[in-house]
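Q: Listed below are the residues making up each chain.
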Amino acid sequence: MKRDVFQAIADPTRRAIIALIAIQAMTPNAIAENFHTTRQAVSKHLRILTECELVRQEQKGREIFYSLEIEKMKEIDEWLEQYRKIWETRFKQLDEVLKVMKKQKREG
Amino acid sequence: MNMEFIIDKETKTVSITAEFDAERDLVWDAYTKPELLDQWWAPKPWASRTKVMEFREGGRRFYAMVSPEGDVHRWAVQKYKSITPKTNFKFFNAFADENENLDLPGSDWDLNFIEQDGATKVHISIYNESLERLEKMVEMGFREGTEMQLNNLKELLAELSPAKETRQ
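Protein chains in written order, with the working numbering: chain A, 1 to 108; chain B, 1 to 168.
Errors might be hidden in some of the hints.
In silico DSS-like cross-links for lysine-lysine, where the CA-CA straight-line distance does not exceed 30 Å [unchecked claim]: (1) A:K99 to A:K85; (2) A:K72 to B:K12; (3) A:K92 to B:K90; (4) A:K103 to B:K9; (5) A:K102 to B:K12; (6) B:K9 to B:K51; (7) B:K79 to A:K92; (8) B:K121 to A:K92; (9) A:K44 to B:K12; (10) A:K74 to B:K79; (11) B:K121 to B:K51; (12) B:K51 to A:K92; (13) B:K90 to A:K72; (14) B:K79 to A:K99.
It should be emphasised that the hints constitute simulated quantities derived from the structure, not laboratory data.
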């Protein structure tokens, strides 16, 4: 199943998980201690985040540590930034059109 | 032109506020008349071409963003749901093919126009069922390499524009 990366970060628990593991890699148990929810629920969130390639897993001894894929988060910000730029350009163009309209109105 | 741009991932809403140094009647016309809309809607070097526009409740605008080379047409349809003249209008926006077959899901747009001391504030809120769709909207007017062209344009406009002493 193809995951929508914004579905992943639309969930408040998943956003909290992202904030936690952004600071340091953590095991699912350590992550679960921060939430009033079951270990199973946290595992499910981690699975979704993994499928979205927002987190990566690393085996250390018997434990699995989850950490954040910073690059993937950057990708999101980059295209949001492009979207903002589109509007900036669009509005600059609108400014120019309005300027001409004002002039025409004064002269008409 | 001051712009505030907020993407709320939780509510899947993009919120844009901008103020223009013109009275509300003019800004309203620029948003609702095809010949004016086509002059600014597409970020250059793309062009906006409106094929059909019936600005009334239940009406629609069927238009394309056309690539600089003129070979790529990205069609979209905006269906007007409600119109309060000079104050507000709402439409449902969806991408489409050249025969107006919609590519769902789409987004819901809500545009508000407020006049203050001869200037006009426009507030736009865009609700996307799927935020992944935003990605398509980015692609629609913007491709790799165009950023440089946009910057060139910005400089050109700055050179051409007279001193903006009346603006903030």
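Q: Please verify whether K72 of chain A and K12 of chain B have alpha carbons no more than 30 Å apart.
A: Holds. K72 of chain A to K12 of chain B sits at ~19 Å (cutoff 30 Å).
Q: Going straight from one Cα to the other, do K92 of chain A and K90 of chain B come out at no more than 30 Å?
A: holds (23 Å)
Q: Sort out whether K99 of chain A lies within 30 Å of K79 of chain B, counting only the CA atoms.
A: holds (28 Å)
Q: Are K103 of chain A and K9 of chain B close enough, with their CA atoms no more than 30 Å apart?
A: violated (41 Å)
Q: Could you grab the alpha-carbon distance between K121 of chain B and K92 of chain A and see if it respects the 30 Å cut-off?
A: The given pair, whose Cα atoms are some 14 Å apart, holds under the 30 Å limit.
Q: Does K90 of chain B pair with K72 of chain A here, judged by a C-alpha cut-off of 30 Å?
A: violated (34 Å)
Q: Given the proposed pairing of K99 of chain A with K85 of chain A, does the C-alpha separation stay at or below 30 Å?
A: holds (21 Å)
Q: Taking only the CA atoms, is the gap from K121 of chain B to K51 of chain B under or equal to 30 Å?
A: Holds, at roughly 28 Å.
Q: Is it true that the CA of K79 of chain B sits at most 30 Å from the CA of K92 of chain A?
A: Status holds; Cα separation ~25 Å.
Q: Take a quick look at whether K51 of chain B and K92 of chain A sit within 30 Å of each other, Cα to Cα.
A: This hinted pair holds, its Cα atoms lying about 24 Å apart.
Q: Would the hint linking K74 of chain A and K79 of chain B be met if the CA-CA limit is 30 Å?
A: violated (34 Å)
Q: With the threshold set at 30 Å, check whether the alpha-carbon distance from K44 of chain A to K12 of chain B stays at or below it.
A: holds (22 Å)
Checked against the numbered hints listed earlier, the structure breaks hints 4, 5, 6, 10, 13; every other hint is satisfied.
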